[in-house]
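Chains W and Z supply the protein sequences, listed in that same order.
Oh and the first sequence: position 167 is 167 in the working numbering, straight run, nothing missing.
Oh and the second sequence: position 124 is 124 in the working numbering, straight run, nothing missing.
There are no misleading hints in this set.
Using 30 Å as the maximum straight-line C-alpha spacing, the simulated DSSO-like pairs for lysine-lysine come out as follows:
#1 Z:Lys189 / Z:Lys135
#2 Z:Lys172 / W:Lys266
#3 Z:Lys141 / W:Lys266
#4 W:Lys266 / W:Lys371
#5 Z:Lys86 / W:Lys266
#6 Z:Lys189 / Z:Lys249
#7 Z:Lys172 / Z:Lys135
#8 Z:Lys148 / Z:Lys172
#9 Z:Lys189 / Z:Lys148
#10 Z:Lys141 / W:Lys371
#11 Z:Lys123 / Z:Lys148
#12 Z:Lys148 / W:Lys266
#13 Z:Lys86 / Z:Lys123
#14 Z:Lys123 / Z:Lys135
#15 Z:Lys189 / Z:Lys172
#16 Z:Lys189 / Z:Lys141
#17 Z:Lys148 / Z:Lys135
#18 Z:Lys123 / Z:Lys172
#19 Z:Lys135 / W:Lys371
#20 W:Lys371 / Z:Lys148
#21 W:Lys266 / Z:Lys189
#22 Z:Lys141 / Z:Lys123
#23 Z:Lys86 / Z:Lys172
#24 Z:Lys141 / Z:Lys172
#25 Z:Lys123 / W:Lys266
Covered by chain W, per the in silico footprint, the following chain Z stretches (three or more residues, Cβ under 8 Å):
#26 87 to 93
#27 112 to 123
#28 163 to 177
Calculated directly from the structure, the hints in this document are not laboratory data.
Since the model is a prediction, treat every value here as computed from it, not as a measurement.
Don't be surprised by glycine CBs; every beta carbon is placed ideally from N, CA and C.
In case you want the letters, here they are:
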Amino acid sequence: MEPVAYVREAPEPEDPPPTLTSGALAWARTNLFSSFGSSLTTIGFLALIGYLLPQLAAWATTRAVWSAMDGAACRQHQDGACWAFVIAKWDYLRFGSYPVAERWRVDVVEAIGAVLIVWLLWTNAPRRAWAALLFFVVYPILALVLLRGSSLLGLPFVDTLLWGGIFVSLVTAVVGIVFSLPLGVLLALGRRSPLPVVRVASVVFIEFVRGVPFITILFMANNLLPLFLPATWAPDRFLRPLAGIVMFSAAYMAEEVRGGLQSLGKGQYEAALALGLNYPRMMGLVILPQALTFVIPGIVNNFIGLFMDTTLISVVGMTDFLEAMNNAIKDPVWAGPTIMVTGYVFAAIFYFSFCYGMARYSAHVERILAKGRK
Amino acid sequence: MSSVGASSGADRNGDAAIRFAAVHKWYGSFHVLRNINLTVGRGERIVVCGPSGSGKSTLIRCVNRLEEHQRGSIVVDGVELTDDIKRIDEVRREVGMVFQSFNLFPHLTILENCALAPIWVRKMPRRDADELAMKLLSRVKILDQAHKYPGQLSGGQQQRAAIARALCMTPKIMLFDEPTSSLDPEMVKEVLDTMTELAQEGMTMIVVTHEMGFARQVADRVVFMDRGEIVEVNAPAPFFDHPQHERTKLFLSQILH
Ligand SMILES: Nc1ncnc2c1ncn2[C@@H]1O[C@H](COP(=O)(O)OP(=O)(O)O)[C@@H](O)[C@H]1O
Ligand SMILES: [Mg+2]
Chain W
1 MEPVAYVREA PEPEDPPPTL TSGALAWART NLFSSFGSSL TTIGFLALIG YLLPQLAAWA
61 TTRAVWSAMD GAACRQHQDG ACWAFVIAKW DYLRFGSYPV AERWRVDVVE AIGAVLIVWL
121 LWTNAPRRAW AALLFFVVYP ILALVLLRGS SLLGLPFVDT LLWGGIFVSL VTAVVGIVFS
181 LPLGVLLALG RRSPLPVVRV ASVVFIEFVR GVPFITILFM ANNLLPLFLP ATWAPDRFLR
241 PLAGIVMFSA AYMAEEVRGG LQSLGKGQYE AALALGLNYP RMMGLVILPQ ALTFVIPGIV
301 NNFIGLFMDT TLISVVGMTD FLEAMNNAIK DPVWAGPTIM VTGYVFAAIF YFSFCYGMAR
361 YSAHVERILA KGRK
Chain Z
1 MSSVGASSGA DRNGDAAIRF AAVHKWYGSF HVLRNINLTV GRGERIVVCG PSGSGKSTLI
61 RCVNRLEEHQ RGSIVVDGVE LTDDIKRIDE VRREVGMVFQ SFNLFPHLTI LENCALAPIW
121 VRKMPRRDAD ELAMKLLSRV KILDQAHKYP GQLSGGQQQR AAIARALCMT PKIMLFDEPT
181 SSLDPEMVKE VLDTMTELAQ EGMTMIVVTH EMGFARQVAD RVVFMDRGEI VEVNAPAPFF
241 DHPQHERTKL FLSQILH
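Required output: the full structure, derived from the provided sequences and hints.
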């Protein structure tokens, strides 16, 4: 029989947790070798990696051809990559047909862009507001003037017809990312507007764009845009696909943002209104910062998708990086069985590093935000 | 009948803080406020009680136009509420509100929550706004929490922060919508104490609450609402000791056991 009443006389001792619950070994035990089946799977995959990785590494390094004047050496070493091809074509892959004497302008634009982006994305950097101002206002103008040319500054005009390669891919991606998010936010807000005209226009735009393949949008931007606008400011051949990619991405962005807006309770709006904040301030200071934070993963997914989609602008005659690679591969001087594989592996590495970088960065930002708010 | 006790001796002239005159409101076809007549004098403390769904929240949310009324007139601090957005903004600047669920902005620190409206609505320099916020945070006794995020505070601390945030706009009128209803019992007192202090400083307040001890101690008048109408208005002592209306008696018997 247990007594009805009980009074503790001595405190219960605090014990350490039972064997191995933290550390690398514990992690491996619970995740890799938790049962016979999982141990077998782990060992199987390790064996596979152990077999494949050295092969791949040898193909890319020791067996690869690093320098050659033409395809002859690569045709002799068919068991290795032909990096000599990429090196020989490097300038073309970066600049397309941009005049050689003017390529320093692209270098300058890329260097400034890289500095500003690092400044902007580095979460502890000083004066990030300045970085934002420079990147979103000053930099686009500067880039346009430098890349296209200006008689005022004595920079010869370079038609976008000659633009090509990596810098075209980067310009497309940056323009798409920079313009599609604000436009997407406006569309998402428009979709919830009390004004029927605004609401209907937003819904029609979003649903139309989302219901049509990107290539269709590109063709429409390419062929329809000039019809709507007076011939004197017929949009530039590069501007048309840029407009297309911004519109396309904005529609998807709008849906992401809408999801973020919906996840916010009514209370946040009411508290902001009760404090006397007007609509733009309520949105800009209270609602959007939270809504956008909620959907960072989705937004970054869209950015990644957009980066991939830049490869499609070649269908309307622009030479992006992948198209430049296609052209380079066709060069008879470099004909050979390893050229194509090398070229596309290189392109894959290029796209992967950018997209993986974006994904890692967004995970990093999410972690920081989660830490701040618990 | 509702107009009998509604206009107390405190303020019959044009200088009332809030005046409801024959106010009606519908949600669709649901008549949620029916012929509300109530004048709140400057410095007066009103406690509103009544069964759930009787329209208490709707009533006070009409004061800062979170809800709009469809008939009658509401004049707040001499400004009549209409569709005119300028007037609404004017009223909202002078009326602070505290919600049942705190509604602090979770992405901002407590200090930033408090300084936000002074900076953006009152156009106060950031330094002054921060100073003001710190002063009010120390008044509600959570100065040490100023740099934390709302999610890191207890419920009682969050509600006091919400009170400080509203006070940072130096409002003339404060509205409280069941400020202690979502708090754990041990935190109710700290919030009520804060509100009592505020009342003692002469703030005009409308408080929706079922804390009858608070009502007895602080209220000048208690308003009882049921089914969208004001059923009885009286000073706290007679209201609790000698309720007149049957519905009031029933309600009080239910909440006081
Ligand atoms: N936005 C709304 N739309 C429709 N009905 C509502 C809305 N808000 C409240 N109501 C209804 O109006 C009545 C009064 O609500 P409320 O003022 O919140 O009551 P109380 O605060 O006294 O509990 C309730 O029956 C509620 O269901
Ligand atoms: Mg309520």
